[in-house]
Amino acid sequence: MAFVAPKETYSGKVYQVEIGTDKTAVFGGESVLPFNSFEGNAPNRPVVAYEIQDVAPEDWPETVKKVYDGVSNDPVAWAKHCQDSLNARAIALRLIGTHPDRENRSPEDAAKTVKDVLAAINVPLIILGSNNAEKDAAVLVAAAEAAKGKNCIIGKAQEANYKTIVAAAMANNHKLIAMSELDINLSKQLNILITQMGFDKERLITDPMCSALGYGLEYTYSVMERIRLAALTQNDATMQPPMLADVGMYVWKIKETQASEADLPQWGTLVERGIAWETTTAGSLLISGAELLIMRHPEAARAVEKFIDELM
Amino acid sequence: MALTGVQIFKLLPKTNCKKCGHPTCLAFAMKLAQRQASLDLCPDVSEEAKKVLGEESAPPIRPITIGSGDKSSKMGEETVLFRHEKKFVNPCVFAVEIKDSMKDEEINSIVDDVLTSEIDRVGQKLRIDAIFIDNASNDAGRFENVVKAVASKAPGTALILSTKNPQAAEAALKNVADKKALLYGADESNADAMAGVAKTYKASLGIIAKGLDALSALSEKVKALGVEDIVLDSGARSAKEILENNTLIRRAAIKKNFKPLGYPVITLAQRDDKMLEVLMASLAIAKYSSIVVMSSIEKWKNLALFTLRQNIYTDPQVPMQVEQKIYNVGEPTPDSPLMITTNFSLTYFIVSGEVENSKVASRLAVMDCEGLSVLTAWAAGKFTASKIAQFIQESGIENEIKHKELIIPGYVAILSGAIEEKLPGWKITVGPREANGLPAFLKTRGN
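Protein chains in written order, with my numbering: chain C, 351 to 662; chain G, 3 to 449.
In case anyone wonders, no lab produced these hints; they're calculated from the structure.
Check the hints yourself; a few may be wrong.
[What the hints assert, rightly or not] Across the chosen pairs, the derived CB separations fall in these ranges:
id	chain 1	residue 1	chain 2	residue 2	range
1	C	Glu408	G	Arg239	37 to 47 Å
2	G	Lys327	C	Asp586	36 to 46 Å
3	C	Glu412	G	Glu436	25 to 35 Å
4	C	Lys416	G	Gln326	33 to 43 Å
5	C	Asp586	G	Gly213	29 to 39 Å
All C-beta atoms in this analysis are idealised placements derived from N, C-alpha and C, irrespective of residue type, glycine included.
With the hints as constraints, model all of the structure from the sequences given.
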């Protein structure tokens, strides 16, 4: 019985998105399942963006916080460090300090941080709110204006606040992250609502919501696989934006990245365990369809880049 | 290619005797074609039909067990390409490599690590399942001695014996003939001799060829030599090759019922860079490998990979559950708040995560609602006032806390009066509807 390679051809493809203005980054664009370049076109490397914050990362676990000692109290220095010393292809600035339960920084403060960071780097910038739906609406409008013309990604628009954020991204010519909670139908619905406002679907990035290894990863993994299959096999345009995995913030708050080896000797050394947790979460989501990853630990990001080298 | 119902019907007795429980032979044939019935149900089927149909109705990926006793591992029997379609059935085997050229102390230390690798996670006992012993020394005597030593030190652990030399294979295998080892392996140069050794000592046989054409041909060859239990190595070593070959093998077996590739796959994932090895193993876990061979098994690495394997092999149709009990978040005192929620794992992870974010030490009572979320459990009558009251009373929590206040999810605010009736002396407080409201809620209470 002779072997005939059972290759697939698909009717749909993922939109290609380009961000930034100086050193740009391009991702998406493939017409096959993740890295299945043996049967079709997968032209672009997924992008790993380094996460920085507008305020010092007091809530990050020690093992990832100390990597940024000396730069993390200043978002500009932090961004330059990621770009120049860690060779980041993109920076993700999370405006966590604007959250009402945190420093409650104003939209004007946030806008200034965005301007300062943009002036210091030439790689693309992703601008994220604090995930407080109400405050994000005000903060992201100010941030989008401050970044006008820089072809950034703004996020995250959610069902509760998408209208103002979509309008701000549209007016200032940015790309937009649409986030819904671990459900392919919710994700599709939000993408439809956003495009009905006149936002170009080819400027969207879908965030189906990340989960950490051991804490619901399989849900994110399967929702991503289903979204990608819908994009390719059903040629469903609402499912064709590239996908984001916002890995770092979900990984670095769970017990496995914080509990000491003294307390849990059977879990092994804490430093490697934390890095492995972020690495494994990111690697699995790359395989299930993420083209844009936001990560924290440079060692995890480095390993993921090597993995992508082998997969491309 | 799978047979149609009509093709199967032609092989049946056509007596419509109904002994199989179906009204006609044609109806039975249709069920067989859909793999919803077993041929054993027909008492009158001919030997010829059994042979043809037996092969046809066999699972698309042959089940193969390595190891013996309670730590043996079953592989294969997968039926889908994507885990949302149906559960991935038999979790892949994790193996660590030992080279027989290593010093004895080093070998002993790796075997010790295997023996102490067991971790309990969400109620499952997870461990390194197998030891892959490579005849790197090219010395048959050394190989035999190392295999003997490892087998006596780790009698319950499955063995994979890696050698291309049939004499070395026989020397080693004869000492572990009762252990259902995997002999890895046979290639085009030694297939006849290796097949003979595997048959004699009832081992399964790993076959190695470069590319899927050569692998299919080799698979048919060793099967013709009488070896039934085969494990495939397509020679893929880079991440790109592993993804491509494993995908094509799984598709050929499941979608085309292509028998020569209907076997479990072994992946050599070793890398000098430990984090990269973690990623290679992650790829193998997610993308269809049945055996993943690694160069090292540090505890931190095992924990991450055990967890990933558990996540990928979870049944997508059965909600993951956490154990019913009262969990501490932080270090609660007798005055700390007490909250209740259901035992759907995502509910638990999200609620406990937000309580942690609040930095308010708390107790979280997680009630068994068969893995349903709060609203679903309430609608299904599993998260009711009387059941909540019973759980709180039987938990004995009253003896550990000073107050008698229970915070319930905002979505079941309607239950507060009824719970107060069933839990005399308790105050029921309605918390936020969504978990992300918990940090603000807990902080403003000022516990």
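For this session: Just tell me: holds or violated, for the beta carbon distance of Lys416 of chain C and Gln326 of chain G against 33 to 43 Å?
Result: holds (38 Å)
For this session: Could you tell me whether the CB distance from Glu408 of chain C to Arg239 of chain G stays inside 37 to 47 Å?
Result: For Arg239 of chain G against Glu408 of chain C, whose Cβ atoms are near 44 Å apart, the range 37 to 47 Å holds.
Problem set entry | Range agreement (Cβ of Asp586 of chain C with Cβ of Lys327 of chain G, hint 36 to 46 Å) | For Asp586 of chain C against Lys327 of chain G, whose Cβ atoms are near 43 Å apart, the range 36 to 46 Å holds.
Problem set entry | Outcome for the supplied range 25 to 35 Å, where the beta carbon pair is Glu412 of chain C and Glu436 of chain G | Holds: the Cβ-Cβ distance is about 30 Å, inside 25 to 35 Å.
Problem set entry | Cβ separation of Asp586 of chain C and Gly213 of chain G, checked against the hinted range 29 to 39 Å | holds (35 Å)
In the structure shown, no violation is registered for any of the earlier numbered hints.
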